[in-house]
Amino acid sequence: MTLQEIQAKLESAIDDAIVTMEGDGCNCSTTVISPTFEGMSLLARQKMVLAAVRSDIDSGELHALSIKARTPAEAS
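If you read the sequence shown in the numbering used here, its first letter stands for residue 1, the second for the next number, and so on.
Derived from the structure by calculation, the hints contain no laboratory data. The beta carbon of each residue, even a glycine, is placed where N, CA and C say it ideally should be. Worth double-checking, as some hints may not be accurate.
What the hints assert, rightly or not - So the derived label-pair ranges between C-beta atoms look like this:
(1) 12 / 70: 15 to 21 Å
(2) 12 / 58: 14 to 20 Å
(3) 60 / 39: 30 to 36 Å
(4) 38 / 60: 29 to 35 Å
(5) 60 / 16: 29 to 35 Å
Could you put the whole structure together from the sequences, leaning on the hints where they help?
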């Protein structure tokens, strides 16, 4: 799985998301910035991001994903 594929999945699953990726296809990190995260706990944000790639994690195609999920205000 490529970083671009992961990024595309996250961008399509989370409204108005700005997604940056680092790492290789199976162990990577992401920063997701979206107004959707307003008022959500950190855990709820991470669950939302993980839900977008759950099938890839379950299949073993994606082994690890480190997540930073922020609102636009937090990213400024």
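Index of numbered hints that the structure contradicts, given in increasing order: none
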